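Enquirer: Let the sequences and hints guide you as you build the complete structure.
Number of protein chains: 2
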Amino acid sequence: MKLTPSQIEQFDRDGYLFFPSLFSPAEVKPLIDAVPGLYAQRRPENVRERTGDVVRTNFAAHLYSVPFAKLARHPRMVKPIEQIFGEKLYMHQFKINGKAAFDGDVWQWHQDYGTWKNDDFMPEPRAMNVAIFLDEVNEFNGPLMFIPGSHKLGVLDAEHDTTTTSYPLWTINHETIAKLVARGGIVAPKGPPGSMILFHGCLVHASTSNLSPWNRVAVYLSLCAVSNHIRRYKRPGYIAHRDFTPIECLPDDCLTKDYDVPLPWKDGTPADELRGLEKAA
Amino acid sequence: MKLTPSQIEQFDRDGYLFFPSLFSPAEVKPLIDAVPGLYAQRRPENVRERTGDVVRTNFAAHLYSVPFAKLARHPRMVKPIEQIFGEKLYMHQFKINGKAAFDGDVWQWHQDYGTWKNDDFMPEPRAMNVAIFLDEVNEFNGPLMFIPGSHKLGVLDAEHDTTTTSYPLWTINHETIAKLVARGGIVAPKGPPGSMILFHGCLVHASTSNLSPWNRVAVYLSLCAVSNHIRRYKRPGYIAHRDFTPIECLPDDCLTKDYDVPLPWKDGTPADELRGLEKAA
Chain U
16 MKLTPSQIEQ FDRDGYLFFP SLFSPAEVKP LIDAVPGLYA QRRPENVRER TGDVVRTNFA
76 AHLYSVPFAK LARHPRMVKP IEQIFGEKLY MHQFKINGKA AFDGDVWQWH QDYGTWKNDD
136 FMPEPRAMNV AIFLDEVNEF NGPLMFIPGS HKLGVLDAEH DTTTTSYPLW TINHETIAKL
196 VARGGIVAPK GPPGSMILFH GCLVHASTSN LSPWNRVAVY LSLCAVSNHI RRYKRPGYIA
256 HRDFTPIECL PDDCLTKDYD VPLPWKDGTP ADELRGLEKA A
Chain P
16 MKLTPSQIEQ FDRDGYLFFP SLFSPAEVKP LIDAVPGLYA QRRPENVRER TGDVVRTNFA
76 AHLYSVPFAK LARHPRMVKP IEQIFGEKLY MHQFKINGKA AFDGDVWQWH QDYGTWKNDD
136 FMPEPRAMNV AIFLDEVNEF NGPLMFIPGS HKLGVLDAEH DTTTTSYPLW TINHETIAKL
196 VARGGIVAPK GPPGSMILFH GCLVHASTSN LSPWNRVAVY LSLCAVSNHI RRYKRPGYIA
256 HRDFTPIECL PDDCLTKDYD VPLPWKDGTP ADELRGLEKA A
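Chains as they are written, first to last, in this note's numbering: chain U, 16 to 296; chain P, 16 to 296.
One thing to keep in mind: the hints can contain errors.
Because identical chains share one entry, a pair is satisfied inside a single copy or across any pair of copies.
Claimed, not checked - In silico DSSO-like links for lysine-lysine, alpha-carbon gap of 27 Å or less:
(1) Lys194 with Lys205
(2) Lys272 with Lys94
(3) Lys194 with Lys44
(4) Lys281 with Lys44
Hints listed in this document are in silico derivations from the structure and should not be mistaken for laboratory results. If you're wondering where the values come from, they're calculated on a predicted model, not measured in any experiment.
Expert: Next comes the structure, spelled out in structure tokens:
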């Protein structure tokens, strides 16, 4: 899979690219089947919602789950991003966001690179966000909303919101959002399970709560250019990874065939990865 | 304005009717212009959101605001409902819901008639809900969501939810919602300011939070068949009205021309209307 010049131009202008049904139902099935088992685990990688005992986000499943370890090495995801950055990548962050039916709470307007820069000392926004839908995304189950073109402004001022949801977030103020939307509008890509979105680390995004009876599980990855690796380990290693080994892709059929993948955290998370460290990279 | 037989059949089947752009921009303007002044007032009729100082809902504006007093008597709204119920109507409830940009919170899944029956002792679901959009409603500013056909099941079991938002509500459990949606799906009518929805008192509905920079102010009225008036005054009179005088319509041009309307609460709300009363009707 290679991006066309017009796709690269579109990414540069809008800050995202949408690939409906990039993965087939047969490829998505082992992923979605693995989610309940991951969410049921009592490990620090599961962050729960304010209400109920429902998982809001799970971290680092690619280090302890075979299907997700294979997804993390999939060429249909990795190759286009290597093409855009012109170098090899490592996995900076790996999340499975629940946005559960009825209980899935909002994610306020934010940019991801603001956090990577301020908390992790990532030098440049040379890391790509990837969203892969494991459930259908429709207008009722809290789709991801983007402000097209908002990545062009670089890092915007943000405030640390620790009260609105169960997950602290650097959020952007209302006045700035109103200006950005007046210029670029709002879009919310929707599609079947297996669809993929690539979006710029500076693209402003949010999602509403999910009041529908339909789960909206999606995998959110951040793949960083190796030379652009983070310089500080303030956040736990299961949130902002410290292993900068370049990703080597598996074959294109890896989600439906057996391949050997390492599962270093299968028996638990190393103590050092559970906390911030003073040590710089 | 008279409903056609196919509209009446559609209302019976789906539980709602949508009339995009029923009122012109010139007719909507005096209404939308009056909202900030109403929301700014420190009177008990303004219920504010959990967050900020933003109004979630304003009650009974037709008793102290000229434009809304005229809207409450508009033939394009009143006549179709008289046609469906076959008798004259009185105003049971009159709300202007803010659903403010950024701060507008969710309304959980509920039926209105459950409250009217349990709290107000309204004998039958012979009261019609009306939503009139004062702002454009789009997919991003928290549109009203309906489960078509859900009114056919009558009054469903509900629990009194006093914690999720700033407004206590009799809400329907997740299992029931999932079943209803599997049968009827979800719809969310969207359209320009001046659009109107009529919906059955038993139709299950909800709306998500509004993270967009666009306000979504809408007027929500409940018009009750006079013979079906409430029998108990447990809720304050500004929430559930105790005046069962039949509505007399103004001419069709009433929103853009001057007409005399009574404003009985112009100088404040009568003390008896601020509280529940033991007295039955």
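Enquirer: Look at each hint and say if it fits the structure.
Expert: Status of the hints after comparison with the structure:
With identical chains, the CA atoms of Lys194 and Lys205 are at most 27 Å apart both within one copy (25 Å) and between copies (23 Å). In the homo-oligomer, the alpha carbons of Lys272 and Lys94 lie at most 27 Å apart inside one protomer (20 Å), although the nearest pairing across protomers, at 65 Å, exceeds that limit. In the homo-oligomer, the alpha carbons of Lys194 and Lys44 lie at most 27 Å apart only across protomers (24 Å), although the nearest pairing inside one protomer, at 41 Å, exceeds that limit. For a Cα distance limit of 27 Å, the shortest separation of Lys281 from Lys44 inside one copy, 21 Å, qualifies, whereas the shortest one across copies, 62 Å, does not.
Of the numbered hints given earlier, the model fails none.
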